[in-house]
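Relying on the hints, combine the two individually framed chains into one complex.
One-letter residues, chain by chain:
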Amino acid sequence: NAGVMQNPRHLVRRRGQEARLRCSPMKGHSHVYWYRQLPEEGLKFMVYLQKENIIDESGMPKERFSAEFPKEGPSILRIQQVVRGDSAAYFCASSPPTGEYEQYFGPGTRLTVT
Amino acid sequence: AQRVTQPEKLLSVFKGAPVELKCNYSYSGSPELFWYVQYSRQRLQLLLRHISRESIKGFTADLNKGETSFHLKKPFAQEEDSAMYYCALLSGGSYIPTFGRGTSLIVHP
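Respectively, the protein sequence lines represent chains A and B.
With our numbering, letter number 59 in the first sequence gets 59, and the count goes up by one each step, no holes.
With our numbering, letter number 1 in the second sequence gets 1, and the count goes up by one each step, no holes.
Note that these hints are calculated values from the structure, not bench results.
Hints should not be assumed to be uniformly reliable.
Unchecked claim - Negatives, chain B to chain A, calculated, CB over 12 Å:
1. Leu11
2. Arg41
3. Ile106
Said to hold, decoys possible - Straight line, CA to CA, 27 Å or less: simulated BS3-like cross-link-like pairs of lysine-lysine:
4. A/Lys44 to B/Lys9
5. A/Lys62 to A/Lys27
6. B/Lys73 to A/Lys44
7. A/Lys27 to A/Lys44
8. A/Lys62 to A/Lys51
9. B/Lys65 to B/Lys9
10. A/Lys27 to A/Lys71
11. A/Lys44 to B/Lys15
12. B/Lys22 to B/Lys9
13. A/Lys71 to A/Lys51
14. B/Lys65 to A/Lys51
15. B/Lys65 to B/Lys15
Said to hold, decoys possible - Pair by pair, the computed Cβ-Cβ distance ranges are:
16. B/Phe76 to A/Arg64: 46 to 56 Å
17. B/Glu20 to A/Glu63: 37 to 47 Å
18. B/Asn64 to A/Arg9: 34 to 44 Å
19. A/Ala2 to B/Ser26: 29 to 39 Å
Just so you know, even glycine gets a beta-carbon here, dropped at the ideal spot from N, CA and C.
Pulled out of the complex, with its shape left as it was, chain B reads as follows (with noise of 0.2 Å):
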């Protein structure tokens, strides 16, 4: 069974500073991974997908399959990047993710 780890409930830091909202994964396949957001009274919504290796907003993710982990990096947060960030997998041939239960970010001023 897969399992989505992410291990901070809360993660705080200044406007300005580097940022790494973690996340770690258990599955024995090649799994697909995504990094979702929710600002404060939005919907949920995906910010990017291991697989497009895109930059959405300043942030990346890189999946290490080494670790097993898909960390979500910005190198200067914004005060508009306060939200819950979700990581999710998606496992071969399945339409339903697996989410993380979720870490909240405080940019602060």
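Just chain A, with the same shape it has in the complex (with noise of 0.2 Å):
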């Protein structure tokens, strides 16, 4: 199990640009989770989804972030319009639909907007 997958691990976007992060769960899980880190900050929760459903977005900002899980292929979050603000590492995480209480995180994408 390659535990989970993000790419691309580095993104670089000019403001205005549109930035597609890729996040992969591990195998059998089937909730994802996104969490932005800031510089200086913890990490602060994004959304929640399961396969083709948002659970909880009620960390995602309300304009320009968008995310989805298709019932195949990986989580996509999707960010338009970039400002440098949006410059951060964006973790995802996974877990099984049992109920578990354990995420796994993927390694994270940084992202910088120049």
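Okay, here's the thing in structure tokens:
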């Protein structure tokens, strides 16, 4: 089991471009979580998804950010019209469907907006 | 709303010294508390949770409900313990932990 995979690991975008971050959960996991880590801050929850459903997006900015977890393929976090303040590390975690507490984290994607 | 506070951004000790990473929480119910660790260039991983009451890599953490604390302790720090440590709280019925901002532990030789 390769663990949670995220790609790309590093992403550079100019202001106004779109950023797409991908997360492949561990095999057998159907719950995916996205977190953002700003410099000097802890992990902030963004969104919790199950296959084809957004369960909780209370931590997601209302504009420009969206997330999906299709039936097939990875979960995608999409940031439209990026701004400098979006520069951060974005982490994905997954957990199995049985309600286990433990989340398994990916290595993160570091987004830099120039 | 729950909150997790890690008051120290950085903790620097020498090898063999005791170490205590502080974590305080605010939550009105019965929380589940965890410590996660992130070694350099590695992913965040669970270190221990209060329910299991186990010692991992020599680290222990006791939940003190009176002081609403869950400090992480190790009697003799090792250089390989250098990492970022995050305290996290899971409230009843939730899948989404609340993380502290993290403490960077540096153990000098």
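Evaluation of the provided hints:
no. : hint                           : result
1   : Leu11                          : 16 Å, holds
2   : Arg41                          : 9 Å, violated
3   : Ile106                         : 17 Å, holds
4   : A/Lys44 to B/Lys9              : 16 Å, holds
5   : A/Lys62 to A/Lys27             : 31 Å, violated
6   : B/Lys73 to A/Lys44             : 25 Å, holds
7   : A/Lys27 to A/Lys44             : 25 Å, holds
8   : A/Lys62 to A/Lys51             : 21 Å, holds
9   : B/Lys65 to B/Lys9              : 23 Å, holds
10  : A/Lys27 to A/Lys71             : 14 Å, holds
11  : A/Lys44 to B/Lys15             : 32 Å, violated
12  : B/Lys22 to B/Lys9              : 10 Å, holds
13  : A/Lys71 to A/Lys51             : 6 Å, holds
14  : B/Lys65 to A/Lys51             : 37 Å, violated
15  : B/Lys65 to B/Lys15             : 31 Å, violated
16  : B/Phe76 to A/Arg64: 46 to 56 Å : 48 Å, holds
17  : B/Glu20 to A/Glu63: 37 to 47 Å : 42 Å, holds
18  : B/Asn64 to A/Arg9: 34 to 44 Å  : 39 Å, holds
19  : A/Ala2 to B/Ser26: 29 to 39 Å  : 38 Å, holds
Hints 2, 5, 11, 14 and 15 from the list above are not met by this structure, while the remaining hints are.
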